[in-house]
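Protein chains: 4
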Amino acid sequence: MFGSTFGHLFRLTTFGESHGVALGGVIDGCPSGIMLDENIIQTELDLRRPGTSLASTTRNEADRVEILSGVFNGMTMGTPIAFMVRNKDHKSDAYDNLKEIFRPGHADYTYTAKYHYRDHRGGGRSSGRETLSRVAGGAVAQAFLNTHDIKLQAYTVELGGIVAERIDISRSFERPYFSPDPNVLVKWNDLVTKTRGEGDSLGGVVEIVAKNVPPGLGEPVFAKLDAIIAAAIMSVGAVKGVEIGSGFAAARMKGSEHNDPITKDGFQGNNSGGILGGISSGQDIVVRAAIKPIPSISKEQETITRNGVKTSLKIEGRHDISAIPRIVPVLKAMLALSLADALLMQKRMSEI
Amino acid sequence: MFGSTFGHLFRLTTFGESHGVALGGVIDGCPSGIMLDENIIQTELDLRRPGTSLASTTRNEADRVEILSGVFNGMTMGTPIAFMVRNKDHKSDAYDNLKEIFRPGHADYTYTAKYHYRDHRGGGRSSGRETLSRVAGGAVAQAFLNTHDIKLQAYTVELGGIVAERIDISRSFERPYFSPDPNVLVKWNDLVTKTRGEGDSLGGVVEIVAKNVPPGLGEPVFAKLDAIIAAAIMSVGAVKGVEIGSGFAAARMKGSEHNDPITKDGFQGNNSGGILGGISSGQDIVVRAAIKPIPSISKEQETITRNGVKTSLKIEGRHDISAIPRIVPVLKAMLALSLADALLMQKRMSEI
Amino acid sequence: MFGSTFGHLFRLTTFGESHGVALGGVIDGCPSGIMLDENIIQTELDLRRPGTSLASTTRNEADRVEILSGVFNGMTMGTPIAFMVRNKDHKSDAYDNLKEIFRPGHADYTYTAKYHYRDHRGGGRSSGRETLSRVAGGAVAQAFLNTHDIKLQAYTVELGGIVAERIDISRSFERPYFSPDPNVLVKWNDLVTKTRGEGDSLGGVVEIVAKNVPPGLGEPVFAKLDAIIAAAIMSVGAVKGVEIGSGFAAARMKGSEHNDPITKDGFQGNNSGGILGGISSGQDIVVRAAIKPIPSISKEQETITRNGVKTSLKIEGRHDISAIPRIVPVLKAMLALSLADALLMQKRMSEI
Amino acid sequence: MFGSTFGHLFRLTTFGESHGVALGGVIDGCPSGIMLDENIIQTELDLRRPGTSLASTTRNEADRVEILSGVFNGMTMGTPIAFMVRNKDHKSDAYDNLKEIFRPGHADYTYTAKYHYRDHRGGGRSSGRETLSRVAGGAVAQAFLNTHDIKLQAYTVELGGIVAERIDISRSFERPYFSPDPNVLVKWNDLVTKTRGEGDSLGGVVEIVAKNVPPGLGEPVFAKLDAIIAAAIMSVGAVKGVEIGSGFAAARMKGSEHNDPITKDGFQGNNSGGILGGISSGQDIVVRAAIKPIPSISKEQETITRNGVKTSLKIEGRHDISAIPRIVPVLKAMLALSLADALLMQKRMSEI
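Chains as they are written, first to last, in my numbering: chain A, 1 to 352; chain B, 1 to 352; chain C, 1 to 352; chain D, 1 to 352.
Just so you know, the hints here were simulated from the structure itself, not pulled from any lab data. Only true hints are included.
A pair counts as met if it fits within one copy or between any two copies, since identical chains are not told apart.
Mimicking SDA-like on lysine to any residue, the simulated pairs with C-alpha atoms at most 25 Å apart in a straight line are:
1) 187 / 165
2) 88 / 64
3) 310 / 283
4) 187 / 253
5) 151 / 47
6) 310 / 270
7) 88 / 72
8) 88 / 22
9) 254 / 175
10) 88 / 21
11) 254 / 196
12) 310 / 266
13) 194 / 249
14) 88 / 66
15) 88 / 38
16) 88 / 37
17) 264 / 307
18) 88 / 75
Taking the hints into account, I'd like the entire structure generated from these sequences.
Structure, rendered in structure tokens:
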């Protein structure tokens, strides 16, 4: 993991600023012979597109991905797979009043402190749009995982403090907010409408699950599977916490309650979330991410200019009132990339 | 981050099994001219030694560290710093009845699935004792951070569900459990005694803070500071969750509540936990880790043997009833290593 | 260094097959504030274009580079710089008779052994065309080196065994073969014409020099500057040897002859080639690469088909009779990338 | 490859200064189940010990290696293998007159320029003694290669310009200088005696061969096998050039002469040195290293002090008059490490 590259053996390097020429990435290390084409990647990207939830705005983005290398006759060749999406629809003037002001909650201040040179248009590399490259890369990772029958699901279990029940997970991707619970939608919509009216924003919790993961993935002591996953998830903007299995609830359990018993029929219970001692156990891997409320709010805020003068800020322009649901496919993609990397690392452990 | 190495520029490689000849590590990348000697490392190691809390057992370990290279006349030379601790006090026969049995909650099953060869004595590399190398490495990292006036604190904010108040953090290291709250000790002791009597175990939450961290540390998009820290913390055995700043509480806040306002006097509030957009902001970095209850419990448990035969297990031998407080210096060490690495990475970003 | 990525801190990841959609790369780690635009990269690419020497063929390639990210207003932003060149002019049918045959001296056999899936069209990733990405990446590296006044030169000192004198190095880039010697051109042209008539090919030796390199670059013990450079140079197809300073001639010298004396006016002599103990000394860095003769020859050759049947091969199509001069800018690019990486690594060594 | 670590998947990290407490290393990534014990490593180390050739001095070193981790019951466990050798026999006072003087040809100047802090005793990390860690690490690599029947040989083909014939390679390790030619010994001894009398030193050429290497090792485009090997070999002190197969001689051949024909019985000829397109072909891998003459000579030399004052230097103390033969096992070790790494990288390329 380094700067713009994620992974050791299945490696994704991303590039692109939200208002530059294009966004994209390169996957190096994907084995040959895996079915892959632009449609497979496009399908994942389309999940990101707003319009399906009241929480999202209506930017018409229609991002079309183009594969530049690494694929021939619908199969990967084992060579680097480069992909890109050209930026079309953006209104950079809507952001010009922000050039001299630090937006609270945003990375403006930290980016300036780091780079001494900030592209003020839409957040540069700290923008949500950069996640496009992650989702595309994750699609390639999932194509690889499919060949091992490893399946991923991602859905929202909490929005603005309102909890969803895990009633029907398999069709989460068809519902607004990627909800596993048809019954909670009314409450979520009401809260969203109210919050939008107030010019405020909401956070939530997203759960990502990987099924059919073979045991043995993860490299002690530092590249444990849960450590890799934690880094992957935490690297997504707006994430402020990550937990595996029982997570923070485990902190309040007794050992007799938390241990998952092993019987001849397998494990009974999954408080471990599919990872023991940092290595996959064969059970479902269960991860949850805490999503903070989006910093860009219409509500007026106190702040300062680059010269330290007190001012107030009222952000115009189009923006979502929650990182959910856009963030859901991004988190799924990061879990896919983590598992693809761990899978490749495990394969080289085969016997002498 | 890879297998037994943590870090990109300030790199710690650890080695050693709890019942092998020795444990130790090599730090590569530590700059020259930093004051370092065995006492500095020993001081951190001694914090791990049980005896100061009712939750810990009374193994007499007296681990003495020896520096093998990289230091001359009490100063680092810029060359790799190797250190080791010889294993003296262990009773491996106490573990022999475990050779054929998978201990619930332990990494036995996953380690066997991975390596096809398991050292049954005391957990091998998945044992708590391996953390010794991390703590020693963290001591070197802290020596480097000291030269930048970066100070770390780590203390227990929850044990078995009972919350401590952050009354007196600076003297946490003098109290049992590394408690920041003298008033909670009675309740914690009672709970621990009761739990030990039941042959059960407890979990908790540990908070680690870094003060005076310069802004600008962290490398978007994948090596963000919070991602590096999350991986570092999650890589410690028994950790099931990690959060920054408000963490999971942020998921339930509104944007107007969560944003830390910026005034000419600096930030007001620290829900971000010192990290915005994955880069340090200059505020205190605040991290919390969820610690699961220790799997080894005296209470009888159902399990199976390596051949899949149902059996029951009652673990004898000496063991703690919580990873707290031993785990506290380990988590502090991991934050130190993360920051040392980020600091070195930022230094190379200096202007052209 | 890993697969398709070169470098630790100044990292180039390349992609693209010679007959795929596009070739390109991503540079991650280039500092911000460096002047860069498409012209700067295009200038280097144009040096690769054949037509200036009798040794090269007349493929009309006019590769136009497009920068996709990382640059704003003619300056690097510190974010990944992605670039691409679309493949236009190719005649893949000319290569179809090669689908089932292993071409002697080519990587066909080894690529099939490795990937079990070979793109037969023009060599895939083993083709000379892949070097385009290296040259473009090298141009970015050189833009960075320019800010430190580090200048590179590359020229041919031997072709087909005929040695050139280092008479006028600074204008090598204007002459055919990148010759530093106007007087040798007649002899080289004659040899080339003769060799082409025979349907054969030639090898040679290329020298690359870096001037004004600050002392102190290189990281003992394994990332020594000469080791990094050796890997960089040897990774270019057709290179079978690399030497620094006196190189293989040093093997035949006495110590008293080889040592470069140090006086108060600096070093006298440069047998070390600017690198001592793996670290730059401040003197010119002098590297030479041995270029083997191009394997593709019109002359008929004995070989076998994929099924092991003896056959003979007469290669049609357009091809050069030497990797020189095309390879010269590629070698220069690799030295530039090595130095850019070493420079960034040294910058982080600044004192505490 | 990074600083004190070599390799990507089979990784050796070394530590130790020649006059510090100990030298050693850690191998991370060695698979489990390989037979390994201290004798196996000691055997390789003993090859380094002088006394068998007139070219070497008579330091009585008797370096005993101790394995600290990673091995149990004579088998590797898959966990990091740490080893060390304590420094016993040294006379640091013999080096004290060197504290203020830059020794010509040595890394004194460059090390000071880099670290601003130099351990003057015996060269620190730039000393030949540091190679002990490489040889020990190489022994572990060879134990792994043995399980695939890959065998290495290393021998001196030239000393002081006098060429040896490859008459009896298999018993090179029994002869002085690791000579493959019993007939050249008289000439070499005479030259060495003469040179020692003059207080001067000699260089030479060493050839290293790997037999039975499976085809397919090496990762285009930057981690090609020849690139990895070139870096490994060049990283050894005193090496100024490296070539594969025909090497620099290929630069003077025609394509028809250099191409190795492929028949149904395999390749005919091995000008490629076992590597084509950067990937192993299955033929013997043949590498040669150019060794410069040792810089430390008794003969008086002109130089300057740290303050730039002109002075002359006559080096007392014990030193060899050539890096050969000590360097031979070191080069063999580096080839072993390269192949072990490439082998592990190839194993993960197994099919989906």
